[in-house]
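Trainee: For the record, the sequence lines run as chains A and B. Under our numbering, the residues of the first sequence are numbered 1 to 364, in order. Under our numbering, the residues of the second sequence are numbered 1 to 338, in order.
Be careful, since some hints might not be right.
Below 25 angstroms or equal to it, Euclidean Cα-Cα: the simulated DSS-like pairs (lysine-lysine) are [to be verified]: (1) K120/B <-> K30/B; (2) K239/B <-> K333/A; (3) K242/A <-> K185/A; (4) K236/B <-> K333/A; (5) K242/A <-> K52/A; (6) K132/B <-> K26/B; (7) K52/A <-> K185/A; (8) K317/B <-> K52/A; (9) K8/B <-> K121/B.
If the Cβ cut is set under 10 angstroms, some of the chain B residues that face chain A in the computed set are [said to hold, decoys possible]: (10) E25; (11) F54; (12) D285; (13) M316; (14) T318.
The following label-pair restraints were derived from C-beta to C-beta distances [as the list claims (entries may be wrong)]: (15) S18/A <-> V156/B: 45 to 51 angstroms; (16) R29/A <-> V211/B: 54 to 60 angstroms; (17) E309/B <-> H99/A: 57 to 63 angstroms; (18) N34/B <-> G109/A: 32 to 38 angstroms; (19) G338/A <-> F54/B: 43 to 49 angstroms.
Think of the hints as simulated: they come from the structure by calculation, not from any bench. Think of the CB as a built atom: it goes at the ideal place given N, C-alpha and C, for glycine as much as any other residue.
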Amino acid sequence: MKFISEFRRSELAEGLISRIHRQSRTPVRFMEFCGGHTVTIFRYGIRQVLPKTIDMVSGPGCPICVTANADLDKAIALSQIPDVIIATFGDMLKVPGSHSSLQEVKANGADVRMVYSTMDALNIAKENPTKSVVFLGIGFETTAPTIAASILSAEEKGIRNYYVLSLHKLCPPVIRTILDSGEVKLHGLICPGHVSAIIGSHPWEFIARDYGIPCVVSGFEPLDILQCVDMLVTQVENGQSKVEIAYRRGVRPEGNREALKLMEQVFEPCPADWRGIGEVPDSGLRLRKEYQHFDAELAFDIEPGPPYEPKGCICGDILRGVKTPLDCQLFGKVCTPGYPVGPCMVSSEGSCSAYYLYGEGFEG
Amino acid sequence: MERGLKDKILLAHGSGGKLAHELVEKSFLKALANPFLAKLDDSAVFDLSGRLAFTTDSYVVSPIFFPGGDIGKLAVYGTVNDLAMSGAKPLYLSLAFIIEEGLPQSELEEIVNSVQEAAKKARVEIVTGDTKVVHRGSADKLFINTSGVGIIPEGVNISGSNASPGDRVLLSGSIGDHGIAVLSQREGLSFSTQLESDCAPLGSLVAEMLVASPNIHCLRDPTRGGLATTLNELAKQSKVSIRIEEEKVPVREEVVAACEMLGFDPLYVANEGKLVAIVPAKDADKILKAMRENHYGRGAAIIGEVKAEHPGRVVMKTCLGASRIVDMLVGDLLPRIC
């Protein structure tokens, strides 16, 4: 079986699209939580092929976008300390903090290195014993286990110059916050595929049970999304609300136990600051006491100063699903992927970037 | 140690002194032998008549050897292809090396041999050259610059500004092979693939297309920035829009898979042996036939057409039948792939 082209076949897509059109009667709003899903939806024009009854709204599922400026400023402050090497996934480089971006401080001489995995960062630490390597731990439940593994490996090998700035975020708690705010009325949730591959589908149960909202875990190909939408529509039309998986090839209900074990061994939940949403209890991860000597915030004395939000940028509202990029006065004029003002335009998974690159709302 | 030194390029190899002369004679003249170089004069002197095309490009690919090619082959084909894209028959190339001290001589020789082989295949001659050696850290192993001249046949007028509404858009084969092949060898990212770079000389393909019809409006090789960027350049230059169909654009399964893994869109991944042609609708089929009969165009396809409305815009019909904008590449997707 081909795992990609099979999930892009137009004749199968046609079948699903017409099924959705036949089934959907009730006007609904579905949110795709995950930025990866947002990209698929825009890249294949999925909103255009859905019936008028279905309104799609993007959620806060882009880890870079939801990182608060105050946290970005910490990373930039760390990069200014002599003999500190910042190791980060490439997406972070261009994200503007309050006053600067990692890309800018790098050009000015800071040692910022792009890595493809946490183990690369660990190797940099091993190769530079007189320097300190700080890995920027940004991501959801998907990346946290690999960072936990790097910390355990550093502990085992006695690598003492490796640190993590833990800005991890957990997905289920923030959904609860968004639903509790009552700002957006949702009738279905497309649950993130990669996050669910780690945590399983059980952590979404409360949404179906307590809020009566149908949930379906989806993969990232266009047919995955269409199947997921079809399953959500079926639940809505049958008056059901349960958690289903439309991504069986990637997700088991119980998740990945090994990865969860690693994560729990190294991290514990803590409050986290989300851009546009504010502090959400138990939605962050900090290092447990036994591993606190790897915590960059404790190891280095940094005072980044008060954060500053760019004037006119509505990334926060977009992340809550309250507004769309088309509502933003800066969108496509002052703020473009080449000169981004807010993080949602920088990250390849950001809503603004998806709207801009794939031309949502264009006639033609 | 003695042996180790002997095997490496030293700063003295670029000094213009004895070692430099030895290097030129042993490594370059032997491999690239031709009457122009043999004269050892400061300039190559030759007669040409007709409309000339002249182009230059620098090559900084890392790693310098990759599946399906190396920096030498790339430096020849890249410049030959730039000449071919104006419809010219490529003739003469210059070849300038900037070498980081410490490069093994054997690697340099391998690359010079590859340059020669590529020049032979592309039917061009290397008529002048230069070598500089810089301190360790001032370059990354080896950088090459090539410039080239060619002659444009009578009656041929190819330019990026010639596309007009109704024209068809042709692509000579699958996209993304080069970028993904190079990337698969990157330190810290190495993944296993059977994929090879598509690095190839396109002079003969263009010549045969021009025989089929001299009315070709635009030719361009979608190198850095990929097909998406090339189509955007052509749409903007010609003040037209281009509409392509996703399902008609050939992409190998391995490239699709690697792109998914890395988060790339194949439309933005570099090619080194492909071309985009924009031709009048009435000539499209015969040009397509000529392309498919050439080794380097056997995977050719008509992927879209040129429209008048929304000048400068590239739109793609997706596999779901929806439409989306295809923008230019912003920033660098894959650093140093050519």
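Trainee: So, for every hint listed, does it hold in this structure?
Mentor: Evaluation of the provided hints:
Under the criterion of a C-alpha separation no larger than 25 angstroms, the hint pairing K120/B with K30/B is consistent with the structure, at around 15 angstroms. Proposed proximity of K239/B and K333/A is supported: the alpha carbons are some 21 angstroms apart, at most 25 angstroms. Distance restraint check for K242/A and K185/A: the Cα-Cα separation of roughly 17 angstroms lies within the 25 angstroms cut-off, and the hinted pair is therefore satisfied. Taken as a hint, the K236/B and K333/A pair is honoured in the structure, with Cα atoms around 19 angstroms apart against an allowance of 25 angstroms.
Among the hinted pairs, K242/A with K52/A is consistent with the structure: their alpha-carbon atoms are about 24 angstroms apart, no more than 25 angstroms. Among the hinted pairs, K132/B with K26/B is consistent with the structure: their alpha-carbon atoms are about 16 angstroms apart, no more than 25 angstroms. At most 25 angstroms may separate the alpha-carbon atoms for a hinted pair to count; K52/A and K185/A meet this at roughly 17 angstroms. Taking the CA atoms of K317/B and K52/A, the gap is near 20 angstroms; set against the 25 angstroms cutoff, the hint holds.
For the hint pairing K8/B with K121/B, the CA-to-CA distance comes to about 29 angstroms; that exceeds 25 angstroms, so the pair is violated. Taking 10 angstroms as the C-beta cut-off, the interface hint given for E25/B is violated, the closest approach to chain A being about 40 angstroms. Interface restraint check for F54/B: the shortest CB-CB distance to chain A comes to about 31 angstroms, outside 10 angstroms, so the restraint is violated. Checking D285/B against chain A: minimum C-beta separation of about 24 angstroms lies over 10 angstroms; hint violated.
Contact between M316/B and chain A, as hinted, is supported at the beta carbon level, the nearest pair being about 9 angstroms apart and thus within 10 angstroms. Hint on T318/B holds. Least Cβ distance to chain A is approximately 5 angstroms, under the 10 angstroms limit. In this structure, S18/A and V156/B meet the distance hint of 45 to 51 angstroms, their C-beta atoms being roughly 49 angstroms apart. For the pair R29/A and V211/B, the supplied restraint of 54 to 60 angstroms holds, since their beta-carbon distance comes to about 59 angstroms.
In this structure, E309/B and H99/A break the distance hint of 57 to 63 angstroms, their C-beta atoms being roughly 43 angstroms apart. The hinted range of 32 to 38 angstroms is not satisfied by N34/B and G109/A, whose Cβ atoms lie roughly 47 angstroms apart. Between G338/A and F54/B the Cβ separation comes to about 31 angstroms, which falls outside the hinted range of 43 to 49 angstroms.
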